[in-house]
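Asks: Here is what each chain is made of, one letter per residue.
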Amino acid sequence: MELLLTNLAHGFSVALSFENLLFALLGCVIGTAIGVLPGIGPVATISLLLPITFGQPATTAIIMLAGIYYGAQYGGSTTAILLNLPGEVSSVVTTLEGYKMARNGRAGAALATAALGSFFAGTVSTILVAASGPLLTQVALSFGPADYFSLMLLGLIISAVLAQGSVVKAVGMVVLGVSLGLVGTDVQTGQQRFTFGIPELSDGIGFVSIAMGMFGIAEIILNLERPESRSILSSKVGSLFLTREELKRATPSVLRGTALGSVLGILPGGGASLAAFGAYMMERRISKGRHEFGSGAIEGVAGPEAANNAAAQTSFIPLLTLGIPANAVMALMVGALIIQGIQPGPRMVEAQPDLFWGLIASMWVGNLMLLVINLPMIGVWVKLLQVPYRYLYPSILIFCSIGVYSLNNNVFDVYQTLFFGLFGYLCSKLRLEAAPMLIGFVLGPMMEEHLRRAMLLSRGDVMVFVERPISATLLAIGAIALITMLLPNIRKKKEEALAE
Amino acid sequence: MKLNTKDLIGGGLLVLVAVVGLWLNQDHTLGTARRMGPGYMPMLSFWILLGLGAIVVLSGLFNGPDPLDKWTPLEIYAVPLGVVAFFIGYYLAGMVGFTGWYPLGFGALAGCLAFSVAPGWRPLGLVHAGMAVFGLMLEQFGLMVSIVGCVIVASLADPTHRVKGVLGMIVFLCVLCWFVFIRELDIRVPLWPVFLTQ
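Chains as they are written, first to last, in numbering that gives the first Met the number 0: chain A, 0 to 499; chain B, 0 to 197.
FYI, nobody ran anything at the bench for these hints, they're computed from the structure.
Listed next, the in silico DMTMM-like pairs over lysine to aspartate or glutamate satisfying Cα-Cα at most 25 Å (straight line):
hint	chain 1	residue 1	chain 2	residue 2
1	A	K287	A	E245
2	A	K428	B	E74
3	A	K428	B	D157
4	A	K428	A	E224
5	B	K163	A	E224
6	A	K287	A	E244
7	A	K247	A	E291
8	A	K382	B	D157
Isolated chain A, as found in the complex:
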């Protein structure tokens, strides 16, 4: 406990340095902005800004990128409540009750509930990350290569199982990602694999190109195909203060949402949107105000908003302790760390205390900033919505192009991104999910490493994966998850839960 406090104090000393504070604020502001704007999400934004962060120290870069992710959770709710338009996928359910509240003249209360609930959830989950980090790291340090391989396999399976749509297709996309991750120089023999003699590919396919192309560029086209429907703010924001009655109803929902969100955030493939859906379903079933659902129940705002923010933060746990990305945003963080020369994994807590504790402290500081950025300045963000998408997308395109070029000062990267833009569009038309592919791409090379090492240690005996208790347990969980999802009954339930 004392050690935790010392570490946290160290973290705050890092997070409160002028530069880190500035970039945390920048991240939160950008996050809120893209959260408010429909059509551009945290994955696209973070991949857009990745090249810009390479000149910064690793800690500052990660602090800013993290701010974008949880900032987007705050911003997304604003649009959802005021305009019945989810700014992010994770705030889709907030539109259901939040917009009704706004039409009842309680927009201010709904916004305050969302912001305060998110802040509470952010605080709790930050403590959770701080407490569980070193603990899990200890466990992870006892992992052998076989255990690691199984852990990654489990992560990939669960991220596929929880993805939208068909499980088989999601697993297919994971494997496609793993395969694409193998392009480049083989680390052990130095042989070139699948490079077609292109020297640019010997370091592998550009991670930023894939992320930008499939999430940034492809998104632009999908948004352009959809006709723009932005209603003008019809309801007044009203008082931001909650009545005693509302406070009494919202508090238990926030608590439940925080708990559920924290758990779902850790799961691979989970993250903010799944948590928000889960919390909404739960509130509709068990909260005291469930009979008011559909006519503006405050529980339907408090629960999901707390949950998505809690999940956004706890999804850092597997990344920081095990080096395994839980969702597409975390896959981008892995990319950012690797390009900074830091191998994510259990040794990061010891080797990079500034980064680990600084990030945790900055999350809390960032949440505090977001409260200030969001509540009093709500008018500014609503104004932002008046920027039409036709001015937004050329800017995204230009930033993508310059950013990806600046990685290696090579035009090849621009064309590579162009290719993945086309490919990403094709995939979304065929209902092939891009997120599992990105996670597979990041984990592929690491899995090969661990597989090779495990098989070398076991002298080529495959049984090592079943004989080691940790590995066997992880594989069993993966198998159960996969089998249950193939059962028609449960699959139907999942589709209901994930249906937008």
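Knowing the structure of chain A, use the given hints to seat chain B on it.
Replies: Coordinates of chain B only, in the frame set by chain A:
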């Protein structure tokens, strides 16, 4: 038969990648399970991909109907047209004497523009064409002119654009990019056309 077109094509795509991957992987030593060569993991992952792709195709024969969005004949013809235009652009640029990545860029530009013949593909074709224009112009014409070119081409993708708005956007983006990328980040790229400054 309830055909699921999306699954058939999607699964076919996975199978195609797997078959090409396995074919290319013949060049790499497999090694043994104990000492895996560079070809071992690709072999595993491509075989799994092949299996999964096949399952998606097979299930696509029954779990439909889930057709693709309705395509007009023009949109269908534009797809092979785009592919052909890519190769023509690629080889023509090579024959004219462009080296490096220029043929690839010209090919991509030609392909994307050919795509845009069909109104339904215009957002897809023109946004990517804008990117190709940017790649082609950047190193010779400098950042400012490339931004102008890219924004103009990409703006054509949205018919609601007006000349005034596009001009304003170009000025704004030029200033913003100069500030972020040249002043703050100092990336190594010419700002103005090379033939003017030299």
